[in-house]
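Chains as they are written, first to last, in the numbering used here: chain A, 1 to 271; chain B, 272 to 495.
Hints listed in this document are in silico derivations from the structure and should not be mistaken for laboratory results.
A quick note: this is a predicted structure, and the numbers were derived from the prediction, not measured.
Even for Gly, the Cβ is constructed at its ideal location relative to N, Cα and C.
Just to be clear, a hint being listed does not mean it is correct.
Distance windows between CB atoms, simulated [stated by the list, open to error]: (1) HIS280(B) x SER265(A): 47 to 55 Å; (2) LEU149(A) x LYS348(B): 51 to 59 Å; (3) ILE4(A) x LYS290(B): 44 to 52 Å.
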Amino acid sequence: MKFIKNHIMFILPLMAILLGIEFYLVFDRTTDSYEKGLKEGYSMLVVSKKPAVLSDFKKLNPHISTLEKIKRQNIVAEIAKGVNKGTQEEILAALPYFYNVSLDSYVDTSGLEKIKNDLENDENIKKVETFGNAYSSAYKLFSFIKFTLKLFISFMGIVSLFLIIKQMEIWKYAHKERMQVMEIFGAPLMLRSGVLFKVAIVDAFVATLLTSAFFLYIKFQWAAHSGIDIMMQKQEELFRLSDIGILFGSALLIVVIAVYSVVFSSKGVQE
Amino acid sequence: MSNVISASHLTLSYDNGSKEIIKDANFNIKKGEFVFITGPSGSGKSTLLKALYGHLRPKEGNLIVGGHDLSSISQSKLQELRTHLGIIFQDYKLVNEWTVSKSVVLPLMIAGYSVDVQNTQAQRLLKHVKLSEHGEKFPLELSGGEQQRVGVARALAKNPVVILADEPTGNLDDYSSNVIWDLMENACQQLETTVLVVTHKIPTIFSLPYRHFIIESKGVYEVH
């Protein structure tokens, strides 16, 4: 019973850290594609006195990635219904050139303002409409969710680290006598800490396994049957095979630090 | 015969050198000698013993054990030296979660002997200290005298160059004490192991010739 309790006391905080890491990875991947969607779905309207090509705009600001010309004939056809052809041609000649401009990344509102200023500083550009308000709301909400989740993950990580330190104290108490006796008789560090390493590596393995199982359940059971579109679309992003390696690597790193802390603080002979 | 232990102008201290315990001590101990170190409580007997197994570094002077100068020894050399020492403590220092058999072969395990050799040696050692029936027991299932016999068996496991014993019979009754002294006399006589015992009182039943040092007023003096 004591044996199981000792393992659980280390596995649980380790799992909490691994869950935090995995949540971060999943969030990063899904928000990355969401960010990509926001970026792809966003464009600003530029009104120019003269016809322009993409390189003209890129010279003004490097964030501009694509350019889509809006057909002026369509605009004229819409605004000059019932007007004779001669007048329509006069309107067309007087009409400036309209472009939908998209960006290469999801910039913040000040970045957006800078792009607008860079464009408007050009004498050929009459007007730039960034649709800043809608853009800003989406961006702020997105940033807030991202920040909150990172804060929560960090908090969870710190609390778990304290629990691991607490467990290390118990380890130190449980293994100190054995390690000191072995040290007196000349056992090298690896031999002294061997038992502790075995215990810790098994715990790291179990914690990785449980965390992976939890995310695999989310991926193949919960997300697949949730009926939530975004979850079903992003199912692949929820857990990747490479995540097992990342989780086990992180768990091993924590374990090595924890074991060496115990071993080095147990040096010397008990008076 | 060559010196196994040699101290020259040895000064030992605690608290980063501010509290001197032994000052300017000089002595030599040869292979196969049995040595008692006595002195009043707090005189520095155990401190000297700790210095002999490298737990405390000399503040000044030289302390050579088994050819290694402990004032400048590296950690890896110290580990190696300790595998040639047999150390016996007043409080036995047995690992409570290890069986008696496992405890006695600790020096062999550290030296990398195979499990078969360890098992054979465990039987031999336990027979030697008359604990053959107790191999699978744990230390807390044994009496104090039996635990100390396990400690002696462990110290003898690898035929050490030197046995260092810190008040080995301090917690034992007369019968158990006599058994321990017999075992150490045998080791000295039959294996030519140097035995250095820190004790507050030399046993009256002791039959071997021995040397006696006394620690007084920070000095180490031989009693003739």
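Status of each hint after checking the structure:
{"no.": "1", "hint": "HIS280(B) x SER265(A): 47 to 55 Å", "result": "34 Å, violated"}
{"no.": "2", "hint": "LEU149(A) x LYS348(B): 51 to 59 Å", "result": "53 Å, holds"}
{"no.": "3", "hint": "ILE4(A) x LYS290(B): 44 to 52 Å", "result": "47 Å, holds"}
Checked against the numbered hints listed earlier, the structure breaks hint 1 alone; every other hint is satisfied.
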